[in-house]
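Participant: The primary structure of each chain is shown beneath.
Protein chains: 2
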Amino acid sequence: MAFIQWVLIALVVILSAGPTWSVPSIIQMRPEKDTLLDADVRRKSDHLFCSSWRFTVETNDAGAWTRVPARCVDFVKEYITGDLYASELEAVAANAAEYARAIGVSGDGRDAWVFDIDETLLSNVHYYAVNGFGSQIFDEYSFNEWVELREAPAIIPGLRLYKELQKLGFTLFLLTGRGEYQRHATERNLMYAGFANWEKLIVRGNTDKGKPASVFKSEKRKEIEDAGYIIHGSSGDQWSDLMGFALARRSFKLPNPLYYIA
Amino acid sequence: MAFIQWVLIALVVILSAGPTWSVPSIIQMRPEKDTLLDADVRRKSDHLFCSSWRFTVETNDAGAWTRVPARCVDFVKEYITGDLYASELEAVAANAAEYARAIGVSGDGRDAWVFDIDETLLSNVHYYAVNGFGSQIFDEYSFNEWVELREAPAIIPGLRLYKELQKLGFTLFLLTGRGEYQRHATERNLMYAGFANWEKLIVRGNTDKGKPASVFKSEKRKEIEDAGYIIHGSSGDQWSDLMGFALARRSFKLPNPLYYIA
Numbered sequence: 001m002a003f004i005q006w007v008l009i010a011l012v013v014i015l016s017a018g019p020t021w022s023v024p025s026i027i028q029m030r031p032e033k034d035t036l037l038d039a040d041v042r043r044k045s046d047h048l049f050c051s052s053w054r055f056t057v058e059t060n061d062a063g064a065w066t067r068v069p070a071r072c073v074d075f076v077k078e079y080i081t082g083d084l085y086a087s088e089l090e091a092v093a094a095n096a097a098e099y100a101r102a103i104g105v106s107g108d109g110r111d112a113w114v115f116d117i118d119e120t121l122l123s124n125v126h127y128y129a130v131n132g133f134g135s136q137i138f139d140e141y142s143f144n145e146w147v148e149l150r151e152a153p154a155i156i157p158g159l160r161l162y163k164e165l166q167k168l169g170f171t172l173f174l175l176t177g178r179g180e181y182q183r184h185a186t187e188r189n190l191m192y193a194g195f196a197n198w199e200k201l202i203v204r205g206n207t208d209k210g211k212p213a214s215v216f217k218s219e220k221r222k223e224i225e226d227a228g229y230i231i232h233g234s235s236g237d238q239w240s241d242l243m244g245f246a247l248a249r250r251s252f253k254l255p256n257p258l259y260y261i262a
Numbered sequence: 001m002a003f004i005q006w007v008l009i010a011l012v013v014i015l016s017a018g019p020t021w022s023v024p025s026i027i028q029m030r031p032e033k034d035t036l037l038d039a040d041v042r043r044k045s046d047h048l049f050c051s052s053w054r055f056t057v058e059t060n061d062a063g064a065w066t067r068v069p070a071r072c073v074d075f076v077k078e079y080i081t082g083d084l085y086a087s088e089l090e091a092v093a094a095n096a097a098e099y100a101r102a103i104g105v106s107g108d109g110r111d112a113w114v115f116d117i118d119e120t121l122l123s124n125v126h127y128y129a130v131n132g133f134g135s136q137i138f139d140e141y142s143f144n145e146w147v148e149l150r151e152a153p154a155i156i157p158g159l160r161l162y163k164e165l166q167k168l169g170f171t172l173f174l175l176t177g178r179g180e181y182q183r184h185a186t187e188r189n190l191m192y193a194g195f196a197n198w199e200k201l202i203v204r205g206n207t208d209k210g211k212p213a214s215v216f217k218s219e220k221r222k223e224i225e226d227a228g229y230i231i232h233g234s235s236g237d238q239w240s241d242l243m244g245f246a247l248a249r250r251s252f253k254l255p256n257p258l259y260y261i262a
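Those sequence lines, one after another, are chains A and B.
The letter at position 46 of the first sequence is residue 46 when you use the UniProt record's numbering, and the numbering goes up by one with no holes.
The letter at position 254 of the second sequence is residue 254 when you use the UniProt record's numbering, and the numbering goes up by one with no holes.
Looking at chain A on its own, in the form it has when it is part of the complex:
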């Protein structure tokens, strides 16, 4: 075989190995402009990053945070308007109902359940949909306007659980970080959304101002216990609904990647 033929064969072998055969991946060439593949890779990497971010948020590993990371805003939007959020809400309500059914309610009205309101019984997704899906710093003024509209719809699995607990004989307490000045609008909204016959709606009073939610809510649960109730269960979308003292026998954490309350 002629020398030129060997050279050609060698060239074919080298070229077949592709352009990456000797280039360390760290200096691998990337196309100058976005290609479809590139966009796909970035989307996949964003999804992995944002799924992991959501894990740390829902387990309270992330600690305090003020807004959804910029690269996760689309992820949060898709999640909160999609099947998974709905399915998770159903799953948590099913866990709570199963637990509640196994409790022998005494019938003396002392068996209690504590519900948070926002993102637990009422959904503010409509508000967050026009306010950047958690990407903006919380704005008290515009949120108060939304509260005054009284248009937050019920979270359906929450409403179903609420009604089943009532049938089972539980006394229901609503414990919210909303203020006394929002009590009337909140009551109206709850009623429009289908909630009725709660024992007490507990809001932040003047003396509760400035307290972290976990402290305010623990103090109020303590008052409920001191009044003779047994808090069997507690439902909330924030860990500050479910941590601290005077805890319920079991707590049910609902998903919420939109905002964090200490």
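Mixed in with the good hints there might be a few duds.
[To be verified] Here are some of the chain B residues that sit facing chain A, going by a computed Cβ distance under 8 Å:
#1 Ser52
#2 Trp53
#3 Asp61
#4 Asp83
#5 Ala91
#6 Val92
[Unchecked claim] Cβ pair distances, simulated, as ranges:
#7 B/Ile156 to A/Asn197: 50 to 56 Å
#8 A/Arg188 to B/His126: 45 to 51 Å
#9 B/Glu164 to A/Tyr141: 41 to 47 Å
#10 A/Lys163 to B/Arg249: 36 to 42 Å
[Claimed, not checked] If you want the ones that stay clear, here's a sample from chain B, every Cβ over 12 Å from chain A, calculated:
#11 Asp38
#12 Arg42
#13 Val130
#14 Ser142
#15 Trp146
#16 Glu148
#17 Gln166
#18 Gly177
#19 Ala196
#20 Glu199
#21 Gly210
#22 Glu225
#23 Gly228
Just so you know, the hints here were simulated from the structure itself, not pulled from any lab data.
Quantities reported herein were computed from a predicted structural model and do not represent experimental measurements.
Yeah, the Cβ is synthetic: ideal placement off N, Cα and C, and Gly gets one too.
Following the hints, put chain B in place on chain A, whose structure we already have.
Facilitator: Relative to the frame of chain A, chain B by itself:
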């Protein structure tokens, strides 16, 4: 236009609307046998169900459970051997490291961190891979054989966090549900996997038998506190590592859909 032409146009319009235009979805016809589409729909529905199940497990909403639901075994296998588990472990370790760096370690050796071992520092995924990925009831006998092999590899983000905490000056306690009879194998395994210089390895002694992990671990954290240490952080894959009393100032929940320990 002739009548027949109008009829044909109407037919085209009706057929374009597809076969579902007037059939309520609840009585929609399904193919008798699995088609590719059907398998795809089932896969999607399993994924939704199992993602939601995993949410309830990782937030402790599910309460006690003994094995992965049958329809989620493939899901758990894909998750635990895939990118997401690795990415979540990295994210939690990053949260913990960020928190630890912000603590002004005093230098007197009293600043402490408590680590669980299994699925926190050492990975038993090799064991679970040949034992049904959480689909089988826990078998103490075969798990003990695996422990005696001393071959559990380090969870890399856990090892990196461990080493960084040591550099920062934290005193490290290892607090595990493993028994006194497993102490030697556990020490060897930890050392082979790259862990060194822990302050104390706390295992279940004779007087701890039968206690729920959350009680045993709370009692041991209390002893650490009573000895003058401040437990700044605690890392564990089970809520029973992170609940009860004598809690760390911040707790870091690692993912684990393979098993539940009360």
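Participant: Does each hint hold? Answer for all of them.
Facilitator: Hints, one by one, checked against the model:
The criterion of a C-beta within 8 Å of any C-beta in chain A is met by serine 52 of chain B, whose closest approach is roughly 4 Å, and the hint holds. Because the smallest distance between the Cβ of tryptophan 53 of chain B and any Cβ of chain A comes to about 7 Å, under 8 Å, the interface hint for this residue holds. Given the 8 Å rule on beta carbons, the hint for aspartate 61 of chain B holds: about 5 Å separates it from the nearest Cβ of chain A. Proximity of aspartate 83 of chain B to chain A holds as hinted, the smallest CB-CB distance being about 6 Å (cut-off 8 Å).
Interface restraint check for alanine 91 of chain B: the shortest CB-CB distance to chain A comes to about 4 Å, inside 8 Å, so the restraint holds. For valine 92 of chain B, the interface hint holds, the least distance from its beta-carbon to any beta-carbon of chain A being 5 Å, beneath 8 Å. In this structure the hint that isoleucine 156 of chain B and asparagine 197 of chain A lie 50 to 56 Å apart at CB holds, the actual value being about 54 Å. Taking 45 to 51 Å as the suggested C-beta distance range, the pair arginine 188 of chain A and histidine 126 of chain B does not conform, at roughly 58 Å.
The hinted window of 41 to 47 Å between glutamate 164 of chain B and tyrosine 141 of chain A holds, with their beta carbons roughly 42 Å apart. For lysine 163 of chain A paired with arginine 249 of chain B, a C-beta distance near 40 Å keeps the hint of 36 to 42 Å intact. No Cβ of chain A comes within 12 Å of the Cβ of aspartate 38 of chain B; the nearest lies about 18 Å off, and the non-interface call holds. Listed as outside the interface, arginine 42 of chain B is consistent with that label: its C-beta sits roughly 15 Å from the nearest C-beta of chain A, beyond the 12 Å cut-off.
No beta-carbon of chain A is positioned within 12 Å of the beta-carbon of valine 130 of chain B; the least distance is around 27 Å. Residue-level check passed: serine 142 of chain B sits 30 Å from the nearest beta carbon of chain A, beyond 12 Å. Tryptophan 146 of chain B, annotated as away from the interface, keeps every beta carbon of chain A farther than 12 Å; the closest lies near 27 Å. With a cut of 12 Å on Cβ distances, glutamate 148 of chain B stays outside the contact zone with chain A, its closest approach being about 32 Å.
The non-interface label for glutamine 166 of chain B is consistent with chain A: the shortest C-beta to C-beta separation is roughly 21 Å, beyond 12 Å. Distance check on glycine 177 of chain B: its Cβ is at least 20 Å (rounded) from any Cβ of chain A, clearing the 12 Å threshold; non-interface status holds. The beta carbon of alanine 196 of chain B sits about 26 Å from the closest Cβ of chain A, which is more than 12 Å, so the claim that it is off the interface holds. Taking the minimum C-beta to C-beta distance to chain A, about 24 Å, the non-interface status of glutamate 199 of chain B holds against the 12 Å cut.
At roughly 21 Å from the closest C-beta of chain A, the C-beta of glycine 210 of chain B stays outside 12 Å, upholding its exclusion from the interface. The beta carbon of glutamate 225 of chain B is kept farther than 12 Å from every beta carbon of chain A, the shortest such distance being approximately 18 Å. Its beta-carbon lying about 25 Å from the closest one in chain A, glycine 228 of chain B satisfies the requirement of being farther than 12 Å from that chain.
When the structure is compared with the earlier hints, a violation turns up for hint 8 alone.
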